[in-house]
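Keeping the supplied structure of chain A fixed, place chain B upon it in accordance with the hints.
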Amino acid sequence: MKSIVRKLTKTQIFWPLVIFLGILALNGLISGGSFFRLQIVDGHLYGRIIDIFRNGSKLMLLALGMTMVLATGGTDISVGSVMAISGAVACTIIEGSLFPFANGSVVFAIAAAIFAGVLCGSWNGFLVSRIQMQPIVATMILLVAGRGIAQLICKGRIVTINSPPFYFINGGYILGLPFPVYIVVALSLLVLLVVRKTAFGLYVESVGCNGEASRYSGINSARIKFFIYILCGTLAAVAGLIESAGIKGADANNAGLMIELDAILAVAIGGSSLSGGRFSLLSSLVGALIIQSITTSILSLGIAPEVNLVVKAVVVIAICLAQSPVFQQSISAFRAKIKKQEVVA
Amino acid sequence: MTHTRKRNLISKNLSLFITLGLFVLLFASVMVIGPMRSNRFKYLPVFFNLLNDNAYLLIASVGIMFVLITGNIDISVASTLAFSAVFSAFLLRLLWPAWLVIPVVLAIGFSFGALMGFLIEKFKLQSFIVTLAGLFFLRGMCSVVSKESIPIENGFYSKVAQAKITFGSIHSYGKVNIYLYGFVAIAVVLIALYILRYSKFGRCVYAIGGSEQSARLMGLPVRKVKILVYAISGFCASLGGVLFSFYTLAGYGLQNLGLELDAISSAVIGGTMLSGGVGSVVGTAFGVMIQGTIQTIVTLLNLNAWWTKVTVAALLCIFVILQRLIAIRNDK
Numbered sequence: 001m002k003s004i005v006r007k008l009t010k011t012q013i014f015w016p017l018v019i020f021l022g023i024l025a026l027n028g029l030i031s032g033g034s035f036f037r038l039q040i041v042d043g044h045l046y047g048r049i050i051d052i053f054r055n056g057s058k059l060m061l062l063a064l065g066m067t068m069v070l071a072t073g074g075t076d077i078s079v080g081s082v083m084a085i086s087g088a089v090a091c092t093i094i095e096g097s098l099f100p101f102a103n104g105s106v107v108f109a110i111a112a113a114i115f116a117g118v119l120c121g122s123w124n125g126f127l128v129s130r131i132q133m134q135p136i137v138a139t140m141i142l143l144v145a146g147r148g149i150a151q152l153i154c155k156g157r158i159v160t161i162n163s164p165p166f167y168f169i170n171g172g173y174i175l176g177l178p179f180p181v182y183i184v185v186a187l188s189l190l191v192l193l194v195v196r197k198t199a200f201g202l203y204v205e206s207v208g209c210n211g212e213a214s215r216y217s218g219i220n221s222a223r224i225k226f227f228i229y230i231l232c233g234t235l236a237a238v239a240g241l242i243e244s245a246g247i248k249g250a251d252a253n254n255a256g257l258m259i260e261l262d263a264i265l266a267v268a269i270g271g272s273s274l275s276g277g278r279f280s281l282l283s284s285l286v287g288a289l290i291i292q293s294i295t296t297s298i299l300s301l302g303i304a305p306e307v308n309l310v311v312k313a314v315v316v317i318a319i320c321l322a323q324s325p326v327f328q329q330s331i332s333a334f335r336a337k338i339k340k341q342e343v344v345a
Numbered sequence: 001m002t003h004t005r006k007r008n009l010i011s012k013n014l015s016l017f018i019t020l021g022l023f024v025l026l027f028a029s030v031m032v033i034g035p036m037r038s039n040r041f042k043y044l045p046v047f048f049n050l051l052n053d054n055a056y057l058l059i060a061s062v063g064i065m066f067v068l069i070t071g072n073i074d075i076s077v078a079s080t081l082a083f084s085a086v087f088s089a090f091l092l093r094l095l096w097p098a099w100l101v102i103p104v105v106l107a108i109g110f111s112f113g114a115l116m117g118f119l120i121e122k123f124k125l126q127s128f129i130v131t132l133a134g135l136f137f138l139r140g141m142c143s144v145v146s147k148e149s150i151p152i153e154n155g156f157y158s159k160v161a162q163a164k165i166t167f168g169s170i171h172s173y174g175k176v177n178i179y180l181y182g183f184v185a186i187a188v189v190l191i192a193l194y195i196l197r198y199s200k201f202g203r204c205v206y207a208i209g210g211s212e213q214s215a216r217l218m219g220l221p222v223r224k225v226k227i228l229v230y231a232i233s234g235f236c237a238s239l240g241g242v243l244f245s246f247y248t249l250a251g252y253g254l255q256n257l258g259l260e261l262d263a264i265s266s267a268v269i270g271g272t273m274l275s276g277g278v279g280s281v282v283g284t285a286f287g288v289m290i291q292g293t294i295q296t297i298v299t300l301l302n303l304n305a306w307w308t309k310v311t312v313a314a315l316l317c318i319f320v321i322l323q324r325l326i327a328i329r330n331d332k
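Those sequence lines, one after another, are chains A and B. Here the numbering used here is used: position 290 in the first sequence is 290, and no number is missing along the way. Here the numbering used here is used: position 37 in the second sequence is 37, and no number is missing along the way.
The following block holds chain A by itself, in its conformation from the complex (with noise of 0.2 Å):
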């Protein structure tokens, strides 16, 4: 029994799960379980859970390909931009002003947004893995001039389309759950199925480790971190549609505007190391689950939202000390100081 409950707390995805329940169960203390309430209403399921679900879908979708980035060694900065990009494209075909022979059809719409995404994601692993640029610098290139396509592409408006279509992707029922659930758990059983039951996670993993020695081992590091950017990008741009679906419109200025951190907190919370290595997406996908229930239960407690961008940054610096080796061995020599202090008193 004992082993089974070490084994159980030793799992990456414990914490996180633990820390995701004791927050639902706080905000259910707080509103006095007002908070779990479930209501059926023409036969959809409403309540503060599911709305939990619902808007943190955008989030998760980034965590899994952020996780993938991350345990290469690289990060990616720019899938806020890259939202807003998949989600101008997609409305202004909509709109029937880019490509007016589509006649505004949603299906090549969405097949048109998730190709920039694509394409952007191509951009980003070429400049890494080709160019050999770091990570950051190269993402950060499409994180301002991204948004500045999405503004081209929109042409300086905040877009606004009618298509009950479109919407059904944010707020689409199926059997009484929203549609963007359905999204997230078909995406995460492919890209795990893909990761898990293939060697790709374990090249992953090999080339966050040490990607000359993967080099030398013959695996052909370039080319897989050029996918996993692909990947990323894809993945932020079905987010993209999500939110833009979710507002009805493509908003250039804000759509998943400082999302970035987001992200990268979803997959630090879930455990996996930012420096590349070792991952686990269902941790991160709980991560995300986390930062997006503090992000309801900060608007719902009435605190100002500003502060959850200083919140959010002091967390993930703690969390990256909490996870540096050097760290670890200044606070263990120091318990070791005060513990001799207290033997020589």
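By construction, these hints were calculated from the structure, which means they are not laboratory data. Keep in mind that the hints are not guaranteed to be accurate.
Said to hold, decoys possible - Where chain B lies over chain A, by a calculated footprint (3+ residues, C-beta under 8 Å):
no., region
1, 146-155
2, 296-309
3, 312-323
None of these values were measured; they are calculated from a predicted model. Idealized CB from N, CA, C, for every residue including glycine.
This is chain B only, laid out in the frame that chain A set:
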């Protein structure tokens, strides 16, 4: 031996030549487009306005260059700059005197940079995570201080904002104004030039960029220098913020989103290698001027302001690719 040295000299300065050439080319196109777009267009004021309008960017770029030369990265400069502007506007609204506000804001920038450097150097955290967190932290602090734009009505500030020297006449090449903050930027450039060229500290910055391992084995104070480099970057960014508040006479939390790209690309266009060890203040200054010129062209052509960012990003890519090519050629 002399042959290789000559080749080294050329390839070392090659990117600087390219930068200069690009600047001349761009400015020439301004001179062509300008008179077509406006009949009151005069060359000299346009040239000197490049300095006036980009003084804050010049200072921030020079600061970030120190970090880039050591082979590290700091992406928090835009937030530091915006926070300094907002916080000084906030303090001035509380009727703090200007002579107290400016040192306080500069000290905050310096110590925040030093703190980030300390976290990176002491605990071996990755520089991109720490400076990214710094970026968000300060951006968040901006909106905590004030969500609206705060106007600055301090007497000293408006006086400094107006202080300028004027020469030239309206008739010939145009009347030229150089504002006080332009001179501050020039002073920073000269000081940075001296530090990097002639001081022990400056040579150590290059040495770390060349090879940190070797610098450590040579007994250079690597840790101290690396922390100081981040502190300098933070200090320059907050000085840029102070200049920016002179320039706009207001502080607003969402100012200069994406300035980190401008600052880094100025340095890179000016020949700074992202892999460290190479970089010059003069080149960076020209990098800033090139961006100013692009901005001028975009304004003259009445295009969407975002074209500036897109063009600058494209230039950054081109220059990094160019650097790779030069590096590959040198390896051969």
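We went through each hint and held it up to the structure:
| no. | hint | in the structure |
| --- | --- | --- |
| 1 | 146-155 | holds (count 6) |
| 2 | 296-309 | holds (count 5) |
| 3 | 312-323 | holds (count 7) |
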